[in-house]
Amino acid sequence: MSKNFNTVKTEVKHWRNFTFNGQVYDLSHLDVHWVEYTDDTDENNPFTYRFIVTYSSHCFTKESDELSSEESNLLMYNAPRESRPFNFERYHLSKHLPSIIKSLGEKTTLVCHAGYGNFATVKIVDSNGIEVDYFVVFTVFRESKKLRLHVESAYPKYDGIGKIKKVRFFVIAKNLLNNKKLPSP
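For the sequence shown, our numbering gives the first residue as 1, with consecutive numbering after it.
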């Protein structure tokens, strides 16, 4: 699989690590990468979708009223589009993102409508010994004739996920590939 990501024009391809109190927080797990999903619902004619995957800084940063302005300045992560405080909990959970994204086509991964025209998957992950609902908001689109999946944000939900409407990831992928309207709630 080619590693040429020159078609990605709008997002960060390689995230710069964050350093705090001499500790380096490696962000390479959120670098741009390819993911292939094989839809084998038709056993005689499986189809593989290839997506370029990118991530937003919202996967590891968060605005917080709980931080003083001094703390906020110390934790500031300067991304190309915006600056926001580094969030250690979101960073820890973000390490699960590549495997969650790879699992979107699996029946055990819940994909649902997240509002605002995006899709989300909710996955139970272990964060410091605590099970949490991890809400991963992503959008899909075409860019330079390639399929793109961009994770806009990812964060724990402690108050439950509320009412959701499921959608099959392969319905999203097929409609995107065929220039059809994406499923809506």
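The set of hints was computed from the structure by calculation and includes no laboratory data.
You may find that some hints are simply not true.
What the hints assert, rightly or not - As a list, the in silico DSS-like pairs of lysine-lysine whose alpha-carbon atoms are at most 27 Å apart:
hint	residue 1	residue 2
1	K107	K163
2	K180	K157
3	K163	K145
4	K62	K180
5	K166	K146
6	K107	K165
7	K163	K102
8	K102	K146
9	K180	K95
10	K107	K157
11	K166	K13
12	K166	K181
13	K145	K102
14	K145	K157
15	K180	K102
16	K146	K107
17	K62	K145
18	K157	K146
19	K157	K102
20	K95	K62
21	K62	K174
22	K107	K62
23	K181	K95
24	K145	K174
25	K163	K62
26	K146	K163
27	K62	K181
28	K62	K146
To be verified - Here are the computed distance ranges between Cβ atoms for each label pair:
hint	residue 1	residue 2	range
29	A79	E43	39 to 49 Å
30	F47	S144	30 to 40 Å
31	E143	K95	47 to 57 Å
32	S68	S144	37 to 47 Å
33	E82	N17	13 to 23 Å
34	T38	S144	35 to 45 Å
35	K166	N21	21 to 31 Å
36	E89	N118	40 to 50 Å
37	L177	T19	32 to 42 Å
38	E82	D26	31 to 41 Å
All C-beta atoms in this analysis are idealised placements derived from N, C-alpha and C, irrespective of residue type, glycine included.
Structure-based check of each hint:
no., hint, result
1, K107 to K163, "holds, 19 Å"
2, K180 to K157, "violated, 32 Å"
3, K163 to K145, "violated, 35 Å"
4, K62 to K180, "violated, 34 Å"
5, K166 to K146, "holds, 25 Å"
6, K107 to K165, "holds, 15 Å"
7, K163 to K102, "holds, 25 Å"
8, K102 to K146, "holds, 17 Å"
9, K180 to K95, "violated, 33 Å"
10, K107 to K157, "holds, 22 Å"
11, K166 to K13, "violated, 30 Å"
12, K166 to K181, "holds, 17 Å"
13, K145 to K102, "holds, 21 Å"
14, K145 to K157, "violated, 35 Å"
15, K180 to K102, "holds, 23 Å"
16, K146 to K107, "holds, 25 Å"
17, K62 to K145, "violated, 33 Å"
18, K157 to K146, "violated, 32 Å"
19, K157 to K102, "holds, 21 Å"
20, K95 to K62, "holds, 16 Å"
21, K62 to K174, "violated, 33 Å"
22, K107 to K62, "violated, 31 Å"
23, K181 to K95, "violated, 32 Å"
24, K145 to K174, "holds, 14 Å"
25, K163 to K62, "holds, 25 Å"
26, K146 to K163, "violated, 33 Å"
27, K62 to K181, "violated, 32 Å"
28, K62 to K146, "violated, 30 Å"
29, A79 to E43: 39 to 49 Å, "holds, 44 Å"
30, F47 to S144: 30 to 40 Å, "violated, 21 Å"
31, E143 to K95: 47 to 57 Å, "violated, 26 Å"
32, S68 to S144: 37 to 47 Å, "holds, 43 Å"
33, E82 to N17: 13 to 23 Å, "holds, 18 Å"
34, T38 to S144: 35 to 45 Å, "violated, 23 Å"
35, K166 to N21: 21 to 31 Å, "violated, 43 Å"
36, E89 to N118: 40 to 50 Å, "violated, 22 Å"
37, L177 to T19: 32 to 42 Å, "holds, 41 Å"
38, E82 to D26: 31 to 41 Å, "violated, 21 Å"
Taken one by one, the earlier hints fail for this structure at numbers 2, 3, 4, 9, 11, 14, 17, 18, 21, 22, 23, 26, 27, 28, 30, 31, 34, 35, 36, 38, listed in ascending order.
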